[in-house]
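Taken in sequence, the protein lines are chains A and B.
Quick note on the numbering used here: the first sequence kicks off at 1196 and runs consecutively.
Quick note on the numbering used here: the second sequence kicks off at 165 and runs consecutively.
Calculated from the structure, these hints are not laboratory results.
Among the clues, some could well be false.
[Said to hold, decoys possible] Mimicking SDA-like on lysine to any residue, the simulated pairs with C-alpha atoms at most 25 Å apart in a straight line are: (1) Lys1236/A with Leu305/B; (2) Lys264/B with Gly283/B; (3) Lys264/B with Val1269/A.
[To be verified] Some chain A residues flagged as far from chain B (calculated, every beta-carbon gap over 12 Å): (4) Leu1213; (5) Val1219; (6) Gln1220; (7) Thr1225; (8) Asn1232; (9) Asn1233.
No experiment lies behind these values; they were computed from the predicted model shown.
Beta carbons are placed, not taken as given, at the ideal position from N, Cα and C, and that holds for glycine.
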Amino acid sequence: MHLHLLLYTLSSRVHYMLLLITIVQLFTSTHPLVLMNNIVKSLLDLCLFHQIRMTRILSLEYLLRPTTMHRGDVVLFICYFITGLLDSAVFLSWGIWVAMQTGPYFFIGDSDTPSLHISLMLTCGRESRSSRPFYSLTSSAGAFDVGVDACMRNMLYLRFHQRWLYET
Amino acid sequence: MRRNRQVVRRYTIVISFVFQAVILGLVALLLTIHNIPSRDRSYVSNPRVMYALASLSTQFGMQVATARLLSPEELHTVGLSVCFADLAIDPHYCARENPKRNRRLLSVLMFFIGAISGGWLTRAGMPLMGFLWIAFGLKFLIAVGTLIGIWDGKESLNDSLPVEETKIIDAA
Chain A
1196 MHLHLLLYTL SSRVHYMLLL ITIVQLFTST HPLVLMNNIV KSLLDLCLFH
1246 QIRMTRILSL EYLLRPTTMH RGDVVLFICY FITGLLDSAV FLSWGIWVAM
1296 QTGPYFFIGD SDTPSLHISL MLTCGRESRS SRPFYSLTSS AGAFDVGVDA
1346 CMRNMLYLRF HQRWLYET
Chain B
165 MRRNRQVVRR YTIVISFVFQ AVILGLVALL LTIHNIPSRD RSYVSNPRVM
215 YALASLSTQF GMQVATARLL SPEELHTVGL SVCFADLAID PHYCARENPK
265 RNRRLLSVLM FFIGAISGGW LTRAGMPLMG FLWIAFGLKF LIAVGTLIGI
315 WDGKESLNDS LPVEETKIID AA
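Starting from the given sequences, assemble the full structure and let the hints guide the process.
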């Protein structure tokens, strides 16, 4: 029952199979030209399957029109995966988080961590035990210490792009 | 699962993800040519590591800003505390169809998979630039997918088309 529909679905998913084969070929000693060919082929197949034309993609009207992305949550899941991957890797190699901004605030109380006493001075009005002013000033040449700097950058970004966000 | 109803412009998401991918690619390139040390626990003493951390955090801030546009229930893609709390206070947690609960549980699962694979691959000896290149590729794929509209769903295929093309499709 509905076997023809099943067969159609299976045959229309060829581009996904080609993408999978390409991903597997990335880890083997395939010639890069063959890899590129496969990638371009599968992307073109994807476009054809979703009835998308290149002229429509390149038109400004298509880009600027407000649309509803019904499957936009898939993007969020991929973003969650990226966050977990990068956060664990960066913490294991550099000893601090990049995505989670709650964690770096605990280092403010850690007086053995250099350059964080600037923020402590700003918040509490006094120096920490192991204050190394020159060291901290040179290390925070760009901005404040790492965590607070990153937080502030994030917050500034959100602040200045509020209009850009909610205009749609 | 109920569908997403947020109205967005395509170019905002595409530009945001391309910019994030560019930042990730730059940091990955600097790690690849050994401009930034790949393993440095005294992160504050090295300004290069600090700039890399700051740009990565900026990139994640852009990700949060974009995720606000895509989720009606505010999955902000950087932490899980709010996610767990929302799961706990959900009155329809055991209902058969609860798309918000499904999305939150899937988010937790994806974060878990990412963290576990990141830790194990690091222990297996994968350098940091590998993770950054993977993230670069994923973000670039997200941008391309948004551009060609594979997250749109079947319903919005017609309303994103111009009127004439819609008529032609209906006639066919």
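Here is what the structure says about each hint:
{"no.": "1", "hint": "Lys1236/A with Leu305/B", "in the structure": "holds, 15 Å"}
{"no.": "2", "hint": "Lys264/B with Gly283/B", "in the structure": "violated, 29 Å"}
{"no.": "3", "hint": "Lys264/B with Val1269/A", "in the structure": "holds, 13 Å"}
{"no.": "4", "hint": "Leu1213", "in the structure": "holds, 15 Å"}
{"no.": "5", "hint": "Val1219", "in the structure": "holds, 15 Å"}
{"no.": "6", "hint": "Gln1220", "in the structure": "holds, 15 Å"}
{"no.": "7", "hint": "Thr1225", "in the structure": "holds, 17 Å"}
{"no.": "8", "hint": "Asn1232", "in the structure": "holds, 17 Å"}
{"no.": "9", "hint": "Asn1233", "in the structure": "holds, 15 Å"}
The structure shown violates just one earlier hint, number 2.
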